[in-house]
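Student: Listed below, chain by chain, are the residues.
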Amino acid sequence: MQNLWIIPVLPFIGFLINGIFGRKLPKIVINVVAVSSVVLSFLWVLKVWSSAGDLATNPISEHYFTWIQSGQFNVGWDFAVDKLTMIMLMVVTGIGSLIHIYSTGYMAHEEGYYRFFAYLNLFMFFMLNLVLGANYLILFVGWEGVGLCSYLLIGFYFVKKSATTAGNKAFIVNRIGDFGFSLAMFLIVVNFGTLNFSQVFSAAPGKPTGTLTAIALLLLVGATGKSAQIPLYVWLPDAMEGPTPVSALIHAATMVTAGVYMCTRSAVIFTHAPIAMETVAIIGLATAVFAATIGLTQFDIKKVYAYSTVSQLGYMFLGVGVGAFSAGIWHLMTHAFFKALLFLGAGSVIHACHGEQDMRHMGGLRKYAPWTMYTLGAASLAISGFPFTAGYYSKDAILGAAFAHAPWMYWVGVVTAGMTAFYVWRAFWMAFWGDYKGHGHPHESPWSMLTPLVVLGVLSIVGGYLFNVPKILQNMFPLAEGEENMMLTYISVAFGLGGIGLSYYMYVVNRELPGKVSAALGGVYTLIYNKYFVDEVYDATVVHPVIEGSRTVLWHGVDQGLIDGMVNGVGSQSQGIGGMLRRLQSGNIRSYATWVVIGAVVLLVVMGLTAAGYAGGFEVAR
Amino acid sequence: MPDPSQLINSGVPVSWYLVLSAILFALGVAGFLFRRNIITVFMCIELMLNAVNLSFVTFANQHKQVSGHIFAFFVMVVAAAEAAVGLAIILTVFKNRATLNIDEIDSLKN
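Those sequence lines, one after another, are chains A and B. Just remember that this note's numbering sits 838 ahead of the position in the first sequence, which is counted from 1. Just remember that this note's numbering sits 80 ahead of the position in the second sequence, which is counted from 1.
Derived by calculation from the structure, the hints in this document are not laboratory data. On a predicted model such as this, the values are computed, not experimentally measured, just so you know. Ideal Cβ placement from N, Cα and C applies to all residues, glycine included. Any given hint might turn out to be false.
Derived CB-CB ranges, DEER-like [what the hints assert, rightly or not]:
id: 1; chain 1: B; residue 1: 117; chain 2: A; residue 2: 1399; range: 56 to 62 angstroms
id: 2; chain 1: B; residue 1: 162; chain 2: A; residue 2: 1399; range: 15 to 21 angstroms
id: 3; chain 1: B; residue 1: 150; chain 2: A; residue 2: 1435; range: 43 to 49 angstroms
id: 4; chain 1: B; residue 1: 163; chain 2: A; residue 2: 1399; range: 57 to 63 angstroms
id: 5; chain 1: A; residue 1: 1416; chain 2: B; residue 2: 147; range: 38 to 44 angstroms
Every beta carbon over 10 angstroms from chain B, so not counted as near; a handful from chain A, in silico [as the list claims (entries may be wrong)]:
id: 6; residue: 1009
id: 7; residue: 1194
id: 8; residue: 1206
id: 9; residue: 1273
id: 10; residue: 1353
id: 11; residue: 1427
Work out the full structure: start from the sequences and follow the hints.
Tutor: Right, here's the structure in full:
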């Protein structure tokens, strides 16, 4: 027994302590509880990793109790760890620990400090359930739980209307995806009779392609919701209303990659459903391009990184879709390093600028916040695919696989890589070069925030080289055959460097140029700047009809008209009848008596007539 | 001493008793409906009860069964109880409203 249950339970204990007693606890205790619970969890992961032996040949599987027993159908509370899970565990607990440490500095002056850490610990609990679960239902429990925590944390500043709206949006959009996921699970139960990963995957190759395609596509619907892919990506940019560490932990490094993890976990189903695979690849690629173009034009630093996240998640799905599952997971991991760092760095920048998020009001921060600049620079290099940084390896692996699958996908991916490099460096130059254009005096962040930045900065540079995920996972996903085409690498690196160079030219050397370019593009720029009006289109086609339909049909029509009408109708009819009947109640006793006599006479007459109906009724009685 | 049933059966027909009972009952009803004094109304009720009693005992004799007598006793007991309660109510009403006119006691109307 490796006691895997300790891994998620530790943060849960932290959640209980901070959630129940946090209001009365001093900050230092909250910090210790919140951070140590996650760090201990990370250490336990390391302990499991070091003592488990070879996970490729001996995956750990632990059964705790039977959760659902219904006839032949059986769901246990089972955890399992193979190499894929181990990578996810490392990423989640490792980066989770760093972000918890960072948050102690970033959130130090916020209201509801304990609430923040309670939610964050609860999130860790659910996320670890998600990756540890050995069947779809446990995964789904975590899946829904992280969605809940995401909602709670996006709406953390709940006095801000925009924050609560963004929380609701994230939650509701995710419901659509979760609906698809639920349907996929129902199909799996119907066709396989079980939800256990091992049983499903061993039986999957024998099932008809149509069934597997349906399951895979429905799983994909779930993944597009959670991992912010077209068409359900709209919640993620709005989710930046939450505190920045939340954006880093949930909306960049861990939760949003759950869809990629789930698709990779279900690789057997996907590989036997070619149409679904193609759909995954195309959705991923489309999302990557689409979000990257929006990222080019945004001015809110967190929005830039948010669209970048959507775009990079698109890359991961491209990797999964072209069959390079391990490359997708590799990018998931490196992305977790550099995107968490980008967000934490952005948080540090925002902290330095006293809460300013608009990049047009930053600038010149290299003088005031050098450590933030170095680390953010490292992350920006990594995401641009600069040679030998983390992003270089993983992006290259995905693009190589995409070329092998279909060359046009490679070219679109490469252009996207160029755009990626352009917008992250645009943000970098705008924040750190030039003169400070904001208010107050910018300042460097405290060490509690910088330490995680430095650790992640180092990982962003060397993480891809240190952790060669495709090699680690080669037992599950065989390495690609054939020679590596170095030409492909050179081209993608060239695009990345080109993007960096262009952004340097436009935002450092010739600063008049961006304005001219956007003016020259005119309508196209407006379209992209307004995010292709997707939110507006959804609003007009889905949100507005639903709200209006609810109001006119369901509220005014069904609820007020039908249901209230029925209830009120019964009431007013009773009143009407009562109004008539009460005239009998005159208060005059003699009139009552008259009624009694009349009633008695009527009864007697009726009885007499009835008796006369029977021949000689009285004679018989006598 | 001659048997009372013998006496009834010997001469007076049953229908006479019943007619007498009906007349008494009708008088009771008429008094109940048309008189305004509560005490009179009350006595009319007693009259009706006793008219019914007369019918009971007549039929009991006619059919040679005891149940009619028993019913008559029941009615007497109830009438006694009713007299006690009814007179108490009448006294209270008079104390409170200083009237015995039944038409003026109509506060439960509508």
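Student: Give me the numbers of the hints this structure contradicts, sorted from smallest to largest.
Tutor: The structure breaks hints 2, 3 and 11; every other hint is satisfied.
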